[in-house]
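Participant: Construct all of the structure, not just a fragment, from the sequences and the given hints.
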Amino acid sequence: MQSLLTKEQVAEYLAIKTPEAAEKLLSRLGVPKLDFSIIGGKGIRYRLADIEQALARVEVRPAPARRHRRRKPAPNIFDLPIKEQVAILTGKASKGEPR
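For what it's worth, our numbering labels the leading residue of the sequence shown as -14, then goes sequentially.
The reader is advised that the hints may include incorrect statements.
Below, simulated DMTMM-like cross-link-like pairs (lysine to aspartate or glutamate); rule was C-alpha separation at most 25 Å, straight line [as the list claims (entries may be wrong)]:
| hint | residue 1 | residue 2 |
| --- | --- | --- |
| 1 | Lys9 | Asp20 |
| 2 | Lys9 | Glu(-7) |
| 3 | Lys18 | Glu5 |
| 4 | Lys18 | Glu(-7) |
| 5 | Lys2 | Asp35 |
| 6 | Lys9 | Glu(-3) |
| 7 | Lys2 | Glu44 |
| 8 | Lys27 | Glu8 |
Beta-carbon label-pair distances, calculated as ranges [to be verified]:
| hint | residue 1 | residue 2 | range |
| --- | --- | --- | --- |
| 9 | Pro17 | Ala50 | 37 to 45 Å |
| 10 | Tyr(-2) | Glu44 | 19 to 27 Å |
| 11 | Leu33 | Lys57 | 56 to 64 Å |
| 12 | Glu(-7) | Ala50 | 38 to 46 Å |
| 13 | Pro60 | Ser12 | 55 to 63 Å |
| 14 | Pro60 | Lys9 | 51 to 59 Å |
| 15 | Arg42 | Thr(-9) | 20 to 28 Å |
| 16 | Arg46 | Lys9 | 17 to 25 Å |
| 17 | Val71 | Arg46 | 52 to 60 Å |
Since the hints were made in silico from the structure, they are not lab data. Each residue gets a CB set at the ideal place from its N, CA and C atoms; glycine is no exception.
Facilitator: So, in structure tokens, the structure goes:
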């Protein structure tokens, strides 16, 4: 016979802290509920085979590698002409020049 699990058992099986979180996860995965509350008051159950099948469909992809922009090297102030050096050091640089 197929194993039927309660929310609490599913939470323990999936190592999730609360049964409510397990229920939300199963609904996101599309695992069908079996409602036995009408028949004998046993509540909602989930088939173990359905849970394992849904987990097998989950695809885990590695995060894409980040591309780092190369930083522009800091301009060496002593490579600039003397007038620009003085303008930068005195704070009188024009808008087009770096400070």
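Participant: Run every hint past the structure and note whether it holds.
Facilitator: So, going through the hints one by one against the coordinates:
1. This hinted pair checks out: Lys9 and Asp20 have alpha carbons roughly 16 Å apart, not beyond 25 Å.
2. The suggested pairing of Lys9 with Glu(-7) holds, with an alpha-carbon distance near 13 Å, which does not exceed 25 Å.
3. Note on Lys18 and Glu5: the hinted pairing holds, with a Cα-Cα distance of about 14 Å set against a maximum of 25 Å.
4. For the proposed pair Lys18 and Glu(-7), the alpha carbon gap of about 14 Å is at most 25 Å, so the pair holds.
5. Annotation: proposed proximity of Lys2 to Asp35 holds, straight-line Cα distance about 21 Å (limit 25 Å).
6. Using a Cα cut-off of 25 Å, the hinted pair Lys9 and Glu(-3) holds, with the two alpha carbons roughly 14 Å apart.
7. Among the hinted pairs, Lys2 with Glu44 is consistent with the structure: their alpha-carbon atoms are about 23 Å apart, no more than 25 Å.
8. Only pairs whose Cα atoms come within 25 Å are accepted, and Lys27 paired with Glu8 is accepted, the gap being roughly 16 Å.
9. Checked against the hint of 37 to 45 Å, the pair Pro17 and Ala50 passes, with Cβ atoms roughly 38 Å apart.
10. Between Tyr(-2) and Glu44 the Cβ separation comes to about 21 Å, which falls inside the hinted range of 19 to 27 Å.
11. About 58 Å separates the C-beta atoms of Leu33 and Lys57, a value consistent with the hinted range of 56 to 64 Å.
12. The hint said 38 to 46 Å for the Cβ distance between Glu(-7) and Ala50, and at roughly 41 Å that hint holds.
13. The supplied range of 55 to 63 Å is met by Pro60 and Ser12, whose beta-carbon atoms lie about 58 Å from each other.
14. Distance hint for Pro60 and Lys9: a CB-CB separation of about 55 Å, consistent with the stated range 51 to 59 Å.
15. For Arg42 and Thr(-9), the Cβ-Cβ distance of about 23 Å falls inside the hinted range of 20 to 28 Å, so the restraint holds.
16. For the pair Arg46 and Lys9, the beta carbons lie near 22 Å from each other, so the given range of 17 to 25 Å is met.
17. One distance hint, 52 to 60 Å for the beta-carbon pair Val71 and Arg46, holds here, with the actual separation near 56 Å.
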